[in-house]
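*Asks:* In case you want the letters, here they are:
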Amino acid sequence: MSFIGQEIHNFATEIFPFNRSLTGEGVRDTLLKIQTQITDLKIDHYPSGKEVFDWVVPKEWKVSEAFIISPEGKKICNFSDNNLHLVGYSVPYRGKLSLNDLQPYLYSIPDQPDAIPYITSYYEPRWGFCLTHNQRVELSDGVYEIVVDTSLFDGVMNFGELLIPGKSEKEIFLSTYICHPSMANNEISGPSVTTFLSKWIKSKKNREYSYRIIFIPETIGSISYIAHNLKTLKEKVFAGFNITCIGDDRCYSFLPSRDGNTISDVVAKHILKHTDKEFLQYSWLDRGSDERQYCSPGVDLPISSIMRSKYGEYPEYHTSLDNLISVVTPEGLNGGYWAIRNSIEALENNSIYKVKMFCEPQLGKRGLYPTLSNKRDYKTTRTLTNFISYCNSKNTLIDIAEIIGVPVWELYDISKNLEVNGIIEKC
Amino acid sequence: MSFIGQEIHNFATEIFPFNRSLTGEGVRDTLLKIQTQITDLKIDHYPSGKEVFDWVVPKEWKVSEAFIISPEGKKICNFSDNNLHLVGYSVPYRGKLSLNDLQPYLYSIPDQPDAIPYITSYYEPRWGFCLTHNQRVELSDGVYEIVVDTSLFDGVMNFGELLIPGKSEKEIFLSTYICHPSMANNEISGPSVTTFLSKWIKSKKNREYSYRIIFIPETIGSISYIAHNLKTLKEKVFAGFNITCIGDDRCYSFLPSRDGNTISDVVAKHILKHTDKEFLQYSWLDRGSDERQYCSPGVDLPISSIMRSKYGEYPEYHTSLDNLISVVTPEGLNGGYWAIRNSIEALENNSIYKVKMFCEPQLGKRGLYPTLSNKRDYKTTRTLTNFISYCNSKNTLIDIAEIIGVPVWELYDISKNLEVNGIIEKC
Amino acid sequence: MSFIGQEIHNFATEIFPFNRSLTGEGVRDTLLKIQTQITDLKIDHYPSGKEVFDWVVPKEWKVSEAFIISPEGKKICNFSDNNLHLVGYSVPYRGKLSLNDLQPYLYSIPDQPDAIPYITSYYEPRWGFCLTHNQRVELSDGVYEIVVDTSLFDGVMNFGELLIPGKSEKEIFLSTYICHPSMANNEISGPSVTTFLSKWIKSKKNREYSYRIIFIPETIGSISYIAHNLKTLKEKVFAGFNITCIGDDRCYSFLPSRDGNTISDVVAKHILKHTDKEFLQYSWLDRGSDERQYCSPGVDLPISSIMRSKYGEYPEYHTSLDNLISVVTPEGLNGGYWAIRNSIEALENNSIYKVKMFCEPQLGKRGLYPTLSNKRDYKTTRTLTNFISYCNSKNTLIDIAEIIGVPVWELYDISKNLEVNGIIEKC
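For the record, the sequence lines run as chains A, B and C. Numbered per the working numbering, the first sequence spans residues 1 to 427. Numbered per the working numbering, the second sequence spans residues 428 to 854. Numbered per the working numbering, the third sequence spans residues 855 to 1281.
Among these hints, one or two may not hold up.
Claimed, not checked - Once the Cα atoms are required to be at most 30 Å apart in a straight line, the calculated DSS-like pairs of lysine-lysine come out as: (1) K1210/C / K663/B; (2) K365/A / K913/C; (3) K1219/C / K477/B; (4) K356/A / K1131/C; (5) K896/C / K354/A; (6) K781/B / K231/A; (7) K394/A / K1056/C; (8) K597/B / K1219/C; (9) K231/A / K792/B; (10) K913/C / K356/A; (11) K354/A / K1210/C; (12) K916/C / K950/C; (13) K365/A / K904/C; (14) K236/A / K821/B.
These aren't lab readings, by the way, just hints derived from the structure by calculation. Note that the coordinates shown come from a computational prediction; the quantities given were computed from them, not determined experimentally.
Here chain A stands alone, though its shape is the one from the complex (with noise of 0.2 Å):
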């Protein structure tokens, strides 16, 4: 396992900055940003009031400039400074306000003064600016000038998508999201990762199956993304995984599809759990990203959750805290990206062989066994004849991994091995 999260750190550190929201420039940047990684990236949008489900797309959101100018006329909350001063959404607004009068528009955090929440008003218009709690009790009785030059207006909401064929018509689904402004663990670890994760499988050779990779908003993009390919998206994934919060290096934690049982979860969970024993397992009733909707009633896909810190239990999570340097790492982003990899190649190796004899092969013959018989190697080449006993035509390579106790991974060789000489076959 290779060092790649130096690369991946360097790239998120690139697409960082853009104002991303539900629609927008800093969308559209942050994808154009990814195509120049993934060249057959294609960027698509759905137009602002069409309707997907129980939902309509929303307007485009453009921010000119915004902020505020205190009684000692200096410029505060200014966007161009963070774009985490200026509430998500934020309708068009100017005028003058006394501080009291202005309060009600102002968002911080008291028992984290040094940082400006991220705060959005999607579905209501409203405007406001968000601060360090530090600075929000400086600030002096006075007359503010407040300048919100926003507008909404029918336009686009974006999104990327790329298919890569493989053998089999049958797909893994990854899905991102690029909604969230400037902030690290969650969002901008998940479209880096996924990034490179997409340019791997391109790399790869003989994939066996099909991969399906959107880079979406959240909630509002996925609804869309299946209401524009719901027949196909059933038809054809039958393994997948939501990539968010996949950059820091404080744990590893899984989140399940919502009954739990499928093999997205069955694969998460068994490489989680030989990358790192003591990784975190939530449950459906924690869940909080787009597999809310990947999972819902009637949509039902086999879509899991690996992460790193989970969103909502770590402390920076939704503040200008959540940074690329002190939470977000390149080891971090490297574990991340290695947990999930190595999740898509045990789904590619999850093969079912059947033992092509009767009674135990003989291995000695073939030079796979020692020749001597002595109590002192009772135990050696175990895997490999455990892993032939259960060669029954009904466990995959994962179910054998799970019974017989080690990492998928240890199967790879063996079970080329054992191919290669005749003694076991792919059902």
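Once you've looked at the hints, dock chains B and C against the given chain A.
*Replies:* What follows is chains B and C alone, placed relative to chain A:
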């Protein structure tokens, strides 16, 4: 949950003194009192000698008087003081016996010296007297005159039956017994609580299900009732409870049906867990009441038992100490009443729902979700969204309550509200 | 359970000294001794060179003499003193070697300096000698004369087979091996206990099932037997045990069939739990005897192993220390014999019953229940009534014993008594 325990306790006090047994006046008096509360209770009977499966309906037992005159000329062990003094189903006897010869006919409990034990001999002709051990050890040598003026004759075994129709012909079955003389938790709590449950069920509007409620002698009564109604019971009854030992305030107890996997088991455990997480779970091997018949092989009705202190498991059981003062209390009866009523309510509401749309519904536009996204709101409205995520045409309300870890009663308003809002519908 | 351990130990002492191996005189001598106990044992063979699945029946091995003459002129490592001194299947060799050149042909165990190890080289031509480490370190420099007067030739591989008919053609299969030279727990305990089990089975009246009992060389023997009888074995065998390491008195051990869910697994665990609740449960991953063949994919026979100290798990294993004095004892053999006999008896009695009437039978009128109801009698006759309550045409006797928590042998008399009394009948 209003307080109804005092009213039940008052009623229990009225029926406490009757000399209940398998048959006879005490049973009829009890049923007539219950009829004052439930006017449409049908008082019915099976004739002595009637064969019911492996059993025979016993003769009717009548006690005129029964006592012993001591050498000092004192009337002791007088049935008219306490009906527990006479061994149940004692055959007539008159005679004079020395203390030594009398001893084999006396029953007391050395380690509960204040208690008169409850003893019966239904299937072997015997007579005998029960008394406190303190009294017994004070008996002086000398001649005792015994008067057991009883008669056993071909008569009837009475029982009460109440059928309450609902929308469905499917029935919830409640059974309680009326064959023990003056003891409180086992047994007068059972028919008292069942009487008040019957009144509530009758008053309930839009009953989903029909109800079959019987007041019978234990064992021979339930066997006779099954013998006369087996086909109907097996066709109609989908859930039910045996109601006994439901009046003290020390604990809640659960005893399952034979295989422990019926809806009556599921609902009882769910309600008891949310009533008192320390409730006691017994096994089928601890059984001892009419579930022995209802869940016998071939009968196989889905009957479990919700109790307070279980028969055989509290010190006053089957003695004169099991009274309406120190053992059965208004609080105890109230808790027992509500545990069963809540279980019935849960059965009535245990629908299967499906979401009427793909993906999550947009709750915000219906005023069911906050419009401002903020990390502080992350866990609000979780019960609502968790519930929706499991409305997949398969889970019942109780299934979902179990999965998401809330009492099912928290889902009644939520499910109705979502139905009214067009988000879910019953399957 | 009478004490038969001394008799088995005496027999084990008789067959202990033979030079058993995969083939040869020692095997035949062992089978002939067993035939003195079981006169209808069929001694059969497969010829050298015969292909059996992935294997070939080996040449017959004959040892005329084998020893080393030390520089001092002393005859050491003499095969006629202890057959463990010669590496099993040693090819002939005569020559003179310096101590240094001899060392690669010597085998000893430094941390068990008093033990002669047991070493074989079945599938690679080799010669060698085994000796205690104490002896080895005393060897002086100088020239050693080596005599290995053995021969390997086309002959036969012998085995014993005993078929005992029963009412049903369904078979219980017992397999034990006879290919290890003078070692007690592994192996002579196996054929000795199996010999006495065979005698008991033959003497048993009204056998429900037929029996197939084989005494074979391990691995190549069981593979050959399967190769010649696969169809029959798969059609007839419904339960069975591999019998090995059944003679010491330190513990009981269980090793399951591959999937661990056959009746042989259920019965063995049940009997062992009620024999010694501390019995050791191994997993399929700990296997090491003929279950490797019987439970291999495609063969899939329901064979589990009941053992005392398992092969590979006790210090004397595969050395000269595994003897009939300090390791295998009459008590150990007796316990092992009864564990398997009780398991077979449980299989013979494992009927499914149904109650012939609805509701509980009236046990009192048949003298099976106390006639006086008294709280003190509350728990008497519980096994009886518990048993009846589960006679539902589905549960086997062992199922019921497991559910109600009693050893199955407590149900033999109860079930017969109830059957005689017309209360239950076999399904």
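*Asks:* Between K1210/C and K663/B, does the CA-CA distance stay at or below 30 Å?
*Replies:* Holds. K1210/C to K663/B sits at ~24 Å (cutoff 30 Å).
*Asks:* Below or equal to 30 Å on CA atoms is what counts here, so check K913/C against K356/A.
*Replies:* 26 Å, holds
*Asks:* Holds or violated: are the alpha carbons of K365/A and K904/C at most 30 Å from each other?
*Replies:* 16 Å, holds
*Asks:* Could you grab the alpha-carbon distance between K597/B and K1219/C and see if it respects the 30 Å cut-off?
*Replies:* 37 Å, violated
*Asks:* Check whether the Cα positions of K365/A and K913/C lie no farther apart than 30 Å.
*Replies:* At roughly 16 Å apart (the allowed maximum being 30 Å), K913/C and K365/A satisfy the hint.
*Asks:* Holds or violated: K1219/C with K477/B, Cα cutoff 30 Å?
*Replies:* 16 Å, holds
*Asks:* Tell me if the straight-line CA distance from K781/B to K231/A falls inside 30 Å.
*Replies:* Holds: K781/B and K231/A sit about 19 Å apart, inside 30 Å.
*Asks:* Straight-line Cα separation of K356/A and K1131/C no greater than 30 Å?
*Replies:* Roughly 41 Å separates the two Cα atoms, so the pair is violated.
*Asks:* Taking only the CA atoms, is the gap from K354/A to K1210/C under or equal to 30 Å?
*Replies:* 48 Å, violated
*Asks:* Is the hinted pair K896/C and K354/A satisfied, with a Cα-Cα distance of at most 30 Å?
*Replies:* Distance of about 36 Å is beyond 30 Å: violated.
*Asks:* For a C-alpha distance cap of 30 Å, please report whether K236/A and K821/B respect it.
*Replies:* Holds, because 24 Å separates the two Cα atoms, which is no more than 30 Å.
*Asks:* Is it true that the CA of K231/A sits at most 30 Å from the CA of K792/B?
*Replies:* 27 Å, holds
In terms of the numbered hints stated before, the structure departs from hints 4, 5, 7, 8 and 11, listed from lowest to highest.
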